[in-house]
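Asker: Given these sequences and hints, build the entire structure.
Protein chains: 4
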Amino acid sequence: MLAEGPFVREARQLGKRERTRARLMDAAVSVFAREGFEAASVNEIARAADVVNGTFYVHFKDKDDLIAQVAVRIAGDVAGQLDEAMSQIEDAVERVALATRRFIDLACSRPEWGWALLRAVWALPALHHRAVAFLRADLERGVRQGAFTIQIDGPTIDIFGAMIMAALAGRLRGAQGPEAGSRVAELQLRMLGVAAETARAVAWRPIEPLALRVDERSRGPRERALGIPPLI
Amino acid sequence: MLAEGPFVREARQLGKRERTRARLMDAAVSVFAREGFEAASVNEIARAADVVNGTFYVHFKDKDDLIAQVAVRIAGDVAGQLDEAMSQIEDAVERVALATRRFIDLACSRPEWGWALLRAVWALPALHHRAVAFLRADLERGVRQGAFTIQIDGPTIDIFGAMIMAALAGRLRGAQGPEAGSRVAELQLRMLGVAAETARAVAWRPIEPLALRVDERSRGPRERALGIPPLI
Amino acid sequence: MLAEGPFVREARQLGKRERTRARLMDAAVSVFAREGFEAASVNEIARAADVVNGTFYVHFKDKDDLIAQVAVRIAGDVAGQLDEAMSQIEDAVERVALATRRFIDLACSRPEWGWALLRAVWALPALHHRAVAFLRADLERGVRQGAFTIQIDGPTIDIFGAMIMAALAGRLRGAQGPEAGSRVAELQLRMLGVAAETARAVAWRPIEPLALRVDERSRGPRERALGIPPLI
Amino acid sequence: MLAEGPFVREARQLGKRERTRARLMDAAVSVFAREGFEAASVNEIARAADVVNGTFYVHFKDKDDLIAQVAVRIAGDVAGQLDEAMSQIEDAVERVALATRRFIDLACSRPEWGWALLRAVWALPALHHRAVAFLRADLERGVRQGAFTIQIDGPTIDIFGAMIMAALAGRLRGAQGPEAGSRVAELQLRMLGVAAETARAVAWRPIEPLALRVDERSRGPRERALGIPPLI
DNA sequence: GATGAATGAGGCTTCATTCAT
DNA sequence: AATGAATGAAGCCTCATTCAT
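Protein chains in written order, with the numbering used here: chain F, 1 to 232; chain R, 1 to 232; chain L, 1 to 232; chain C, 1 to 232.
Quick caveat, the hints were computed from the structure, so don't treat them as lab data.
Hints should not be assumed to be uniformly reliable.
One copy or two, it doesn't matter: identical chains are merged, so the pair holds either way.
Simulated pairs of lysine to aspartate or glutamate, DMTMM-like, Cα-Cα distance not exceeding 25 Å [what the hints assert, rightly or not]: (1) Lys63 - Asp91; (2) Lys63 - Glu18; (3) Lys16 - Glu44; (4) Lys16 - Glu179; (5) Lys16 - Asp91; (6) Lys61 - Glu84; (7) Lys63 - Glu38; (8) Lys16 - Glu35; (9) Lys63 - Glu140; (10) Lys61 - Glu179; (11) Lys16 - Asp65; (12) Lys61 - Glu18; (13) Lys16 - Glu4.
Answerer: What follows is the structure, encoded as structure tokens:
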């Protein structure tokens, strides 16, 4: 049936229950990516997971529950790795550029997750809040460091986040290549008040590739440090 | 029963067919705003328009047809008025700031239309292309005038547009007040390379309010001048 | 719109009412032939006739009424011409062979009428009865003349008629060519007791072609003579 | 609620799925017989089967799927028993007469199946082809044996088949009694070239009654021998 | 825990027919 | 006589969800 997905790979050591659940989640991501949350049907997900439809409700309260759990897991994985990749960096300019670029790269390294994230971020307030908290930390750090000359508040962070998601969408659609992250990061830095040349230099500095790992389940050290609450 | 909407108001002089059709369109906008295109059902729209479900199909081929027609009308009205409001302005910095602010104000002056626009712009490629063409004209003008120091291409315009839509969403949700347009315009000008003080000054300069009229159906002079094609 | 059909041609001299009615009947035959009685919709017929749907009900009580009237007219025209073509022939063997061949040729000379007849003969008892009466007359004549050696009764006539309709269907489908009438006529004569060589000779004797005329509205002299009742 | 039909009777030992499916098929045959394929609605069939409409789609893809499956089952049962009843007979004259008589008797022993067959044979090309293959084998055998003096080809077989179906229709309508099979068989033999007295003698020879069994699912030996393909 | 048949509400759409104009 | 908008029942089908096994 389905090529074995990341959740299943991760759950291979666990009990049958966990493995079935993982199959459903992998299948769900794949179907969501193809059709969106609304259009994806429980039956189709179950079929893709190679279980019967009734099994779905053994593991999830309803479709919304599944969506939330998938989003939580994806967001958690992405956030964890993002966190880890940036744990050594103190400079806010560097952090902002790297976070944007890394996030887009991670999300595109598993396009189905990328699409799911794109769709989830508007549909799931919990995810949205978490993302905002994530961004806010670095933006405020930049202000404290004197690098950013704008005021950081909710609306600004929303706009900032929308820029990232627009770039991600462009890349997932194929309208942009791997440079998408650098482009949007440069624009963001300019917007935040970083000098044009610096913005360009930082945003386009080569970074080593980083693919999304899937066995990372814990929230990163930074999230703990910042007191960002778990998603559910 | 629906409070009488703009389409009905406009069609009051016309024949019965046009009035019923207008009722359906008003109802559709209202339902779309509340639930999105996917979740809106033809039955619900018909009920909101106070006609039986069969009547819907007297006027529209199917739901997609309705969506397209509603979007065309809304986009046409908004674009026409935007155009008109900016016809005298030559300076690209002024134009960009004003277009962003005016658009948000117009869209919020009729929140249901605002929501519909927000949803339509991702779902309807025709609308997306039209918006891109609209934005591109002013952005390229700014580059020609030496005011903007970035390269204008598709991805950049997408990001630029996403900023506007994020601000619009914030305002429609109530997270931002009337200053939303100025905020995002300022951020955009900074991003484009306008000096911070200039950006602030231009973006926050008081403008007289401008509500969305509905009887405006023609494309504006600027669209004609730019050769932007009609939506359908 | 529609190529002008036979009913319209016939009604050209008449009043507007008759012409509109004729347009509807021509359109109906055409739609019936394409889709069958059930699947043909009043709207489609009206559209094909280039009138609005409401007009349909000015002329016909309902769809069944239209079907009946169309069938009556078609059957009347066909029967009239058949009658005329055979009025001089006394020999039952000749009559039976000629009637079968002529009927198939006539029905195929206007394939839409042919299909309509094919469909109508099972659906409309009145038509069925009329056809049975038509056939019975010649079959009984043959028995009286000593040419046919079977007993003529309802079931036999039904079977006899089914043979004709099967051949007609084959020809309308394109599975048989112009020889269809001769083939089935030969089989019929054999079945009735005519010697094989005679059957072959009579059934395949060349006859001059005869196309369906449309301006013939009255019942033929033979129908009157036989006391066959009008269809409605 | 439906009187328990043959499919249900046969499925009584099987699982719930098979029993529900059988209920739907029994109900379908009953509704098809009453209204024809086109006019029968899924809702009505479901109601007759005493399940809710959604259940229909658990078992059948759509109405056409059901029709095809019902036709396959009915045709298979009838063909199997016909086959079996004739397996010992070598003489083509005997075979043709017996096949016609047996078929009509079988179809009338379960009138709803008879009606369904009558309607299916025109609507389902697969069934038609199978029937043609069935008939052709015996007709060609008769030619080889020198008993039949006509040429066997598609149109002839169509006409031959139409005769059987006309007799079946007459019997189902009540216009004919149990002698229907003998009557049409006699006519067929005459048509094929069998001497009138022989035709009469063979067609009317008493045969022991044979009711349609329902547990017969396999294709008969003759079908296998002739290489007639299974219906699906 | 898993199954999978069954449910029934609800979605989209067609269509014969009516009726005010 | 003709129009044509409106009706509303009915058709087909999907789908989230339940529950007996």
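Asker: All hints, please: hold or fail.
Answerer: Status of each hint after checking the structure:
{"no.": "1", "hint": "Lys63 - Asp91", "result": "neither (42 Å within a copy, 51 Å between copies)"}
{"no.": "2", "hint": "Lys63 - Glu18", "result": "within (18 Å within a copy, 30 Å between copies)"}
{"no.": "3", "hint": "Lys16 - Glu44", "result": "both (21 Å within a copy, 23 Å between copies)"}
{"no.": "4", "hint": "Lys16 - Glu179", "result": "neither (42 Å within a copy, 55 Å between copies)"}
{"no.": "5", "hint": "Lys16 - Asp91", "result": "neither (45 Å within a copy, 66 Å between copies)"}
{"no.": "6", "hint": "Lys61 - Glu84", "result": "neither (32 Å within a copy, 51 Å between copies)"}
{"no.": "7", "hint": "Lys63 - Glu38", "result": "both (9 Å within a copy, 16 Å between copies)"}
{"no.": "8", "hint": "Lys16 - Glu35", "result": "neither (28 Å within a copy, 34 Å between copies)"}
{"no.": "9", "hint": "Lys63 - Glu140", "result": "neither (37 Å within a copy, 46 Å between copies)"}
{"no.": "10", "hint": "Lys61 - Glu179", "result": "neither (41 Å within a copy, 42 Å between copies)"}
{"no.": "11", "hint": "Lys16 - Asp65", "result": "within (20 Å within a copy, 31 Å between copies)"}
{"no.": "12", "hint": "Lys61 - Glu18", "result": "within (16 Å within a copy, 30 Å between copies)"}
{"no.": "13", "hint": "Lys16 - Glu4", "result": "within (15 Å within a copy, 33 Å between copies)"}
Checked against the numbered hints given earlier, this structure breaks hints 1, 4, 5, 6, 8, 9 and 10; the rest are met.
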